[in-house]
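Model the full structure from these sequences, guided by the hints.
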Amino acid sequence: MGDGSGSNRSNSNKPEWLQQYDLIGKIGEGTYGLVFLARIKSQTNRGKSIAIKKFKQSKDGDGVSPTAIREIMLLREITHENVVKLVNVHINHTDMSLYLAFDYAEHDLYEIIRHHRDKVNQPINQYTVKSLLWQLLNGLNYLHSNWIIHRDLKPSNILVMGEGEEHGFVKIADFGLARIYQAPLKPLSDNGVVVTIWYRAPELLLGAKHYTSAVDMWAVGCIFAELLTLKPLFQGAEVKATPNPFQLDQLDKIFKVLGHPTLEKWPSLANLPHWQQDTQHIQGHKYENANLYSVVHLSPKSPAYDLLSKMLEYDPRKRITAVQALEHEYFKIEPQPGRNALVPCQPGETFVNYPTRPVDTTTDFEGTTSMQPSQPVSSGAAVSGSMAGGHVSNRSVPRPMNVGGMQRIPHQTMQAYNVTSQAGISGGMNPGGIPMQRGVPQQQLRRKDQMSMPGYPPQQKSRRI
Amino acid sequence: MGRSGGDTFFSLSSLMCEEGETGFFEDRDDNPCIIDSLDNPCFVLEDEEKYIEYLFKQEMGFGSQNHNFFAADDNSNRHWLRSARVDAIDWIFNTQAKIGFKVETAYLSVTYFDRFLSKRSIDESKPWAVQLLSVACLSLAAKMEEQNVPVLSEYPMEEYRFENKVIKNMELMILSTLEWKMGSATPFSYLHYFVGKFCPGSRPQAIITKAIEHIVAMVKDVNLMDQRPSIIASAAILAAFDIRLTRKTMNLRISVISSWGNLESEHVFLCYNLIQEMRKSKVKTPCSNLLSTQTSSTCVIENQSDTSLGAKRKLSFEDSENCGEHKLHRLKAVENGELVLFDLMYLCCIWVGPLIKLVKAKRDYAFAWDAGGSFSEGLGNFPLTVTGCTMI
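Those protein sequences? They're chains A and B, same order as listed. The numbering of the first sequence is UniProt numbering, which starts it at 1 and goes up by one. The numbering of the second sequence is UniProt numbering, which starts it at 1 and goes up by one.
Take these hints with a grain of salt, some might be off.
[As the list claims (entries may be wrong)] Listed below are the simulated DSS-like cross-link pairs for lysine-lysine, each with C-alpha atoms no more than 25 Å apart in a straight line:
no., chain 1, residue 1, chain 2, residue 2
1, B, Lys50, A, Lys59
2, B, Lys119, A, Lys59
3, A, Lys59, B, Lys181
4, A, Lys209, B, Lys50
5, A, Lys318, B, Lys98
6, B, Lys57, B, Lys119
7, A, Lys310, B, Lys50
Derived from the structure by calculation, the hints contain no laboratory data.
See below:
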């Protein structure tokens, strides 16, 4: 059976399930597979865009990958307008590979933030920020009330629907690391630590073994701040080691902004392993007072600041929950959040036409056509093809081969594509792969390879070195 | 073997000690009051109530109503399958102990096993399919529960050796048959909660350890599709706490679970009695007989034999090689050399030991898993055919 490295290069006879789709092309790669854009052929829903996530073949001896089982198990149980919708599970029997078909989402927060920072050069409007945040919390509240912790929230995993019935709806994606809370006291930090380091809650950074949904709320706080400033709030340099190394720099970044945590404010701090062990750096260092409001340019008295600071509460027990956050005053004042986060209801508000995802039309479902043999896929795959997108991901701790790491479409391969297809950006209506862009300048083609975002510190790219 | 045999068969007590200390309850042992301790900075007590409420709700959706375990089969196949199940459970728990999995992992794999067989049957002529099902169920449960999952080839096979891809295919078949609902609650999820509710003031760890023994001992006699995990858990906790409960005194204890009514009380009592019976028979007789337990309660498999309806399909396994010839009697040699004769119909258990090894002449069969085409999950339309198997 194929082990993912191309034992199935000849793909002449399409499996039956595949025949119900028109394959448009590859839109992403992640730790555990490839993501393709396809369209439904059948009468009902003809032309509807579907993202098909192909799980990388696990090693022959491993059987079905636990990640795949968890993701499918969870996604099958949940239905919510702010959670990505699993449409179908296909099993390709010849090589026993798994394919998940999802409703396709054109955008993700990573791309939206980047577009504003690098192209539009202006902040995301308040209505959009608030609507995105509200919907994110709404989806998260649903997950948490079903005892599911996402554990890997980051901008690239928060999708936003493109034009259509659900235009501007937020969809939480990528449940590969999500877990159901089990016996309440059971440690959840299995399979190494999760949550991309920049969005990782301080209790995890300090080595907590038991944790809850509060880790997701911390990530939401970080994402909220990033939506406001277009910059990741805490950009620590990741220590690469296994397993679960102490991420001093990340904590340092947090403490610099939020001030030194104290036992008065966070009593259980004393019990966290890294706090106990690392007295020199952590306990000994004196940090300035908190200056979060100046970092995010908010008045300390504004409801937005109040909400943000409650999400970034050190003590996970005191951290605001999703349901509480949804009730926060911030969402009650103008502009009120709306269902289409991208297009404000009030005319006259500016709204941004976000670029569509690049599609690599030269890669077939086997994903082998253009993959460079030594090139590992890296973290972050989401349904949308949204990738880790420049965010340091720690889920694959022992992944030394992350060379040149993959983004949605890797730089090298992208150039190759440009030759063949002039970069098939097919915004969703271009089955033939004819070059077509909704007013997207040529550079857009290389969105993901421009990982070195201007103004970003060099360690940004660290995981790709 | 059923009752007492079940216990000695995989040396339950030694197994419990090991697991009890290092696995599931690792923190509680050191610190019985962990709920209030700072070791657990994130979990608050109210969460447990909500979590249990959620589990109760989830349970309702599972099994119980539409089980037809073995029911659609003819009598002889039902008998065969029942004893095959007992063997499978032995293998699962033995393997769990050998590999060092948690007890819950083994238990969870038995729930997969039972759920699978409530939807599909395995024919008497395919004894290897039961073994294959056991391996794949345990492997899947390990993937859900364990931090370190062994590669498929590390699972010790007894009679048959399966290629990795065959096991993987079986995993897919199970996932699909169970509609990917792999997160079934087990009684283990409730133990901590019930011990606090039913036995306030007592030391929880001792009760929980005992309750786990009861739960594991019951596995062979109870079709896990028949009883909700919470019922089994509460009966086990109560039995571990006090062996002289009457219906009345028991009701008093379980009345703290406000959402429970008469039905639950009845079921808990039946399970409680089953545990008592098993406990007594273990003291009295070294041998057990599965059939004798049949009428004792609804917990027992036999009870639901007539709910045979069904959309049950037989596996479309086609073994052209004749693997079935080994089905009637199997000689099992126990490590110390004593022999156990298994008659698959009636299971006379003569001697059992903690580790069972099968000694068998090596026989090789060509094994091929013809897996052409594809299937849509959920439809249960598996074109899996087995054309042979390897015997060790």
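The hints, checked one at a time:
no., hint, in the structure
1, B/Lys50 - A/Lys59, "39 Å, violated"
2, B/Lys119 - A/Lys59, "29 Å, violated"
3, A/Lys59 - B/Lys181, "24 Å, holds"
4, A/Lys209 - B/Lys50, "21 Å, holds"
5, A/Lys318 - B/Lys98, "43 Å, violated"
6, B/Lys57 - B/Lys119, "22 Å, holds"
7, A/Lys310 - B/Lys50, "23 Å, holds"
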